[in-house]
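Chains A and B, in that order, give the protein sequences. Per our numbering, the first sequence runs over residues 18 to 309. Per our numbering, the second sequence runs over residues 67 to 176.
Keep in mind that a hint or two might mislead.
Claimed, not checked - If you anchor each label on the Cβ, the simulated ranges turn out as follows: (1) Gln173/B - Leu230/A: 49 to 55 Å; (2) Gly28/A - Glu102/B: 55 to 61 Å; (3) Ala172/B - Glu45/A: 54 to 60 Å; (4) Asn54/A - Met91/B: 46 to 52 Å; (5) Leu273/A - Glu137/B: 16 to 22 Å; (6) Leu49/A - Gln173/B: 54 to 60 Å; (7) Asn54/A - Ala154/B: 53 to 59 Å; (8) Thr278/A - Ile93/B: 25 to 31 Å; (9) Lys29/A - Ile93/B: 54 to 60 Å; (10) Glu137/B - Arg66/A: 48 to 54 Å.
No wet-lab data here; the hints were simulated from the structure. Predicted, not measured: the structure shown is a model, and the values here were computed from it. In this text, a Cβ means the ideal position worked out from N, Cα and C, and glycines have one as well.
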Amino acid sequence: MDEDLKTSAKGKILSIRDLPTLPRVLDEVSRLVQNPNTTIEAIAKVISRDQVLSAKVLKMVNSPVYGFPGRIGSVQHALVLLGFNVIRGVIISTSVFEIMTRSMEGLWEHSVGCALATGLVARKAGLKDPEEYSVCGLLHDLGKVVAAVQLPELHTAVAETVRDQDLRWLEAEKAVLGFGHDRINAWLAEHWHLPPTIKEAMGSHHAPERAQLYPQHAAAVHLGDFVVRIFEYGSGGDDQAVPLSPQALKNLGLKLADLDTVLDDFAENLGEVSGVTFAPEDDDAAKAKACN
Amino acid sequence: MQKIPLSLAKVGMKLAKPIAKANGMPIVGVGVELTEALIDRLDGMGIDKICVVGDAVAASQSPTERVLRLEHLFRRLEGDEWMVQVKAHLREYFTIKAASEAAQAAQGQG
Numbered sequence: 018m019d020e021d022l023k024t025s026a027k028g029k030i031l032s033i034r035d036l037p038t039l040p041r042v043l044d045e046v047s048r049l050v051q052n053p054n055t056t057i058e059a060i061a062k063v064i065s066r067d068q069v070l071s072a073k074v075l076k077m078v079n080s081p082v083y084g085f086p087g088r089i090g091s092v093q094h095a096l097v098l099l100g101f102n103v104i105r106g107v108i109i110s111t112s113v114f115e116i117m118t119r120s121m122e123g124l125w126e127h128s129v130g131c132a133l134a135t136g137l138v139a140r141k142a143g144l145k146d147p148e149e150y151s152v153c154g155l156l157h158d159l160g161k162v163v164a165a166v167q168l169p170e171l172h173t174a175v176a177e178t179v180r181d182q183d184l185r186w187l188e189a190e191k192a193v194l195g196f197g198h199d200r201i202n203a204w205l206a207e208h209w210h211l212p213p214t215i216k217e218a219m220g221s222h223h224a225p226e227r228a229q230l231y232p233q234h235a236a237a238v239h240l241g242d243f244v245v246r247i248f249e250y251g252s253g254g255d256d257q258a259v260p261l262s263p264q265a266l267k268n269l270g271l272k273l274a275d276l277d278t279v280l281d282d283f284a285e286n287l288g289e290v291s292g293v294t295f296a297p298e299d300d301d302a303a304k305a306k307a308c309n
Numbered sequence: 067m068q069k070i071p072l073s074l075a076k077v078g079m080k081l082a083k084p085i086a087k088a089n090g091m092p093i094v095g096v097g098v099e100l101t102e103a104l105i106d107r108l109d110g111m112g113i114d115k116i117c118v119v120g121d122a123v124a125a126s127q128s129p130t131e132r133v134l135r136l137e138h139l140f141r142r143l144e145g146d147e148w149m150v151q152v153k154a155h156l157r158e159y160f161t162i163k164a165a166s167e168a169a170q171a172a173q174g175q176g
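Same shape as in the complex, but just chain B (with noise of 0.2 Å):
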């Protein structure tokens, strides 16, 4: 999930979080689909922010990309016991977000 500016926002992205009226009125609810209409529509409403599944916006930065990266990351730490174990730490913990987003983004297909 990423929090994104509206500026931001493309045609296709998916809903993570419902949007809100700043009175708490529900005006799009998650695993909803941004379309040109909708994004328009946010923009009139003053709704500045949004939450979409996934890296949208920036998915070198995505989960899965992350535990791909690690090896090349940590190259030159190998020998280091202590890198050793921050590395498969930082791999547990993206291997369970890509996962997590990979269940989030199948629901908002279904």
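Only chain A is shown next, with the shape it has when bound in the complex (with noise of 0.2 Å):
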């Protein structure tokens, strides 16, 4: 591809107007949060009046990902556990999922298997608020979901290369387009306004040695991708292990052999973690779950 494809590219993916949008009660609640004198009340009432919302939410933070299955019975009890950043990137994640387009199977179960992952990580680390960490999981491959939609055709093209060539698909993307998902996560994270933990996760989870400010959020989401793609539980959009960065595990204070446990839990955490879809059976008792 030439450079001036490339650029070209660049500017349609990050072109504002075709963009998922967001909920809109995620701005509102945005809103309400830059209020000091705002309840938890207050913003749970905003999030339940999306009822399918607060269904996939509730669903979201009872799985094992968030470590209190099936505890929570409220968008308020949620916020109250989780806190604000986590219940925002859970919806963001949903709500760009659902745009997913069928070329882009498994990524969805590969995402939540990362989160599971990732927290489990953040756990063995002994770091504190470990679904903080969860989350930068779940969401660390959307740029992937908005190149696929945004660009269709070059993601065909992404996909092509990395059938004919055997590459990964961060490589494929940058052989076809210049630059990678990481690069766009790192500009959604800017245009949603995500906490910059969450935004250096999802920028740097490949190459977590760049990360300067917050290391041990990408050292953690480059460890739970790993995981995750050893376990090939879903899809990422290719079937190779991604080179494992020791400074990842030198910015955790972790050792190889610790990784040992992350993977005992990983296992015995899937099964319960595949139940997490948004198949449409499943919305009418979430919902019901929801109004409660």
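Got two chains here, each in a separate frame; can you build the complex from them with the hints?
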């Protein structure tokens, strides 16, 4: 691909006009959060108005990914336990994945699996608020979804390059587009005003040694992505292990052998996580729960 | 071993952990094979999660399958000394897991 085409691809991916729209309640809630006098009840009330969205949030936060399986009965409870940043991340991920095309099949499972593994890595490393790391894992490949929606023909070219040249998805993106989903991620995080921790994790999960402000977030997602790929749960677009950054282990104070218990816990919880879907038949039950 | 929601339980799966009521009273022991009647009974008792032997729900994620897939997953990382070491570690990890699950399954049958 010549330079002109690369520039135009970048412009098209980053054009706000066609970007997936986030639920309107998110804008409203973001405004509320700016006001220090806003109560959790007020935020929960706004989110709960959108019943389908509330149901999806409850379904996700009740999965083993966040460490409170089956114990969170209301949006308000979820906000108290997990905090606004985590809930916002969950809302963004469910909204973006809804527009996912068939060609990205497996990416939702890959992302939920990465969220689970990233949270386990954070717990193993003894980091505070591991659920904040899980949400970084959930969002780590949103750039792939947005690229697929904005530039379907180039997405097909990336998929063909992966297949024909036996490349990893990121390598193929760089060959076809001139840049990878990690850069799209960083831009999306900026556009959606995500916290700097999530932005750095999304933008540096393939090169955690380059993370400057929050190296532990980038390192945890890097390891989470490595683990989910070893188990081949879902698909990140190719069937290869990613090179594991020794610096990522160092940033978290972990050794290679420390991954063993992460692998144990990941395998044990995988069955339950596989139930976290957006299947329409599940929505009614979750909606009923959200109403209670 | 895999923890699964009762809704995914199937006849023929074997329990990897005993099931107890919330007050600790045991209901079913390790190694018991699930039957239609037992699943219904557990459902009636409000049990929503159980631990079963092996990776009954996601067989492709089983340790045996993982050992077989490592060469394929690492095919482009052979020249990297560190990644060769990572692969060897994972091979050992999954091999031990596979052996332990096989032993557990044999015990369940015995």
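Hints versus structure:
| no. | hint | in the structure |
| --- | --- | --- |
| 1 | Gln173/B - Leu230/A: 49 to 55 Å | 51 Å, holds |
| 2 | Gly28/A - Glu102/B: 55 to 61 Å | 59 Å, holds |
| 3 | Ala172/B - Glu45/A: 54 to 60 Å | 59 Å, holds |
| 4 | Asn54/A - Met91/B: 46 to 52 Å | 49 Å, holds |
| 5 | Leu273/A - Glu137/B: 16 to 22 Å | 19 Å, holds |
| 6 | Leu49/A - Gln173/B: 54 to 60 Å | 56 Å, holds |
| 7 | Asn54/A - Ala154/B: 53 to 59 Å | 57 Å, holds |
| 8 | Thr278/A - Ile93/B: 25 to 31 Å | 29 Å, holds |
| 9 | Lys29/A - Ile93/B: 54 to 60 Å | 59 Å, holds |
| 10 | Glu137/B - Arg66/A: 48 to 54 Å | 52 Å, holds |
Checked against the numbered hints given earlier, this structure breaks none of them.
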